[in-house]
Amino acid sequence: MIRNSFKKGVLSGIPIAIGYFSVSFAFGIMAVQCGLSPLEALLISATNLTSAGQLAGVPIIAGGGSLIELALTELIINSRYALMSVSLSQKLHSKVSFIQRLIISFGNTDEIFAVAMSSDKKIGQNYFYGLMLAPWIGWSSGTITGALAGAALPEIITSALGVAIYAMLVAVVVPKVRQDKHCAACVAVAVLLSCIFNFLPLLKGFAQNYGGFVIIICATVASVALALIHPIETEEQADEC
Amino acid sequence: MSVRAEFIPYLIVMAVVTYLIRMIPLALIRKKIKNKFILSFLYYVPYAVLSAMVFPAMFFASGNIISAAVGVVVAIAVAFRSNSLVLVAGCSCLSVLLAELILRFL
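Residue numbers (my numbering), protein chains in the order written: chain Y, 7 to 247; chain Z, 400 to 505.
Where hints are given, some of them may not hold.
As the list claims (entries may be wrong) - On the chain Y side, residues computed to face chain Z include the following (Cβ under 7 Å): (1) 24; (2) 67; (3) 76; (4) 77; (5) 81; (6) 82; (7) 88; (8) 167; (9) 170; (10) 175; (11) 179; (12) 191; (13) 197; (14) 204; (15) 208; (16) 237.
Calculated from the structure, these hints are not laboratory results.
For every residue, glycine included, the Cβ atom is placed at its ideal position computed from N, Cα and C.
Could you build all of it, start to finish, from the sequences and the hints given here?
The following block contains the structure:
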């Protein structure tokens, strides 16, 4: 069984695209506030398609930081995609070719990943192309709109838009937490560790300077712990993850 | 609407690093993973990463911690009832806006 309709992919991608438009609108405002031009903000969004990595990268670029610092920051913050790509590699149909995988890789964002993995069948390239198209358009057009219109908005509006990106991630996690109590336990461990890093005086300085590292440490510890305590039962469950 | 010459190397480094992280595992791993521990780890990891990214960072994502906390609670409450990313993000932003308006009058 394979899910490979381009049209169905596009339809599944439209809700993500609307979410991305509003979130990248906030990113566009932030990039221009940092001193980037609207076109530069658009180029970043169109070539990166990643929320957290862009949020972290823009201050480095605007502040004239080194290329190595930028590369390391992106590597750390985005390393979760490597793990997601490993999961996605198990979800793709075996007929998806190497070149097709090179294209699919570009679109493996948190939300697109979550939608692809929620499919009950194996995924084909056409479905995935459709799935990544609308979010890419939404992410890029939202960025340029925010970059051009942001200066005209009152501060209270731009401040409220700051939570949009995080609320979207909450929307990915909560339904899974409801469904699977072991996943809920894993999330609880990760959140607890993350809060310890951010609030404990000894570790606080580390978390402020190496936020990306902290995320990786917390997520790895929580996932290893749950994988040891409660390994998934069957291959079907692995397909659903 | 301009692009500065010194911006180009940043853009290339950022895009290439982000792409390679996504591409290398997806292009190279073609076989089915059988190891139960690795499969279990991969099952849990996306949700662990996302939740560590959100907490506690979301509490500092708006103008002040009280309005952001309202946004956190509303996002979780709406996500409990709906799978829609748009609805969750929209309700959360709106609740932060309302909270900030109320805080100004207090």
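These are the hints, each one checked on the structure:
The interface hint given for residue 24 of chain Y holds, since its Cβ lies 5 Å from the closest Cβ of chain Z, which is under the 7 Å cut-off. The beta carbon of residue 67 of chain Y is positioned within 7 Å of a beta carbon in chain Z (closest approach about 5 Å), and the interface hint is therefore held. Satisfaction of the interface hint for residue 76 of chain Y is found here, the shortest Cβ-Cβ separation to chain Z being roughly 6 Å, below the 7 Å cut-off. Interface hint status for residue 77 of chain Y: upheld, as the beta-carbon distance to the closest one in chain Z is roughly 5 Å, under 7 Å.
Because the closest C-beta pair between residue 81 of chain Y and chain Z is about 6 Å apart, less than 7 Å, the hint holds. A distance limit of 7 Å between C-beta atoms decides the matter here; for residue 82 of chain Y the minimum to chain Z is near 10 Å, and the interface restraint is violated. Checking residue 88 of chain Y against chain Z: minimum C-beta separation of about 5 Å stays under 7 Å; hint holds. Interface hint at residue 167 of chain Y: satisfied, since its Cβ lies 6 Å from the closest Cβ of chain Z, which is below the 7 Å cut-off.
This hint holds: residue 170 of chain Y has a C-beta 5 Å from the nearest C-beta of chain Z, less than the 7 Å allowed. Taken as an interface hint, residue 175 of chain Y checks out: its beta carbon lies about 5 Å from the nearest beta carbon of chain Z, inside 7 Å. At about 5 Å, the closest approach between the beta carbon of residue 179 of chain Y and any beta carbon in chain Z falls short of 7 Å, and the interface hint on this residue holds. Nearest Cβ of chain Z to the Cβ of residue 191 of chain Y: about 9 Å, over the 7 Å cut. The hint is violated.
Taking 7 Å as the C-beta contact cut-off toward chain Z, the hint placing residue 197 of chain Y at the interface holds, the least distance being around 4 Å. Residue-level restraint check for residue 204 of chain Y holds (minimum Cβ-Cβ distance to chain Z is 5 Å; threshold 7 Å). Checking residue 208 of chain Y against chain Z: minimum C-beta separation of about 16 Å lies over 7 Å; hint violated. For residue 237 of chain Y, the interface hint holds, the least distance from its beta-carbon to any beta-carbon of chain Z being 4 Å, beneath 7 Å.
The structure fails to meet hints 6, 12 and 15 from the earlier list, while all remaining hints are met.
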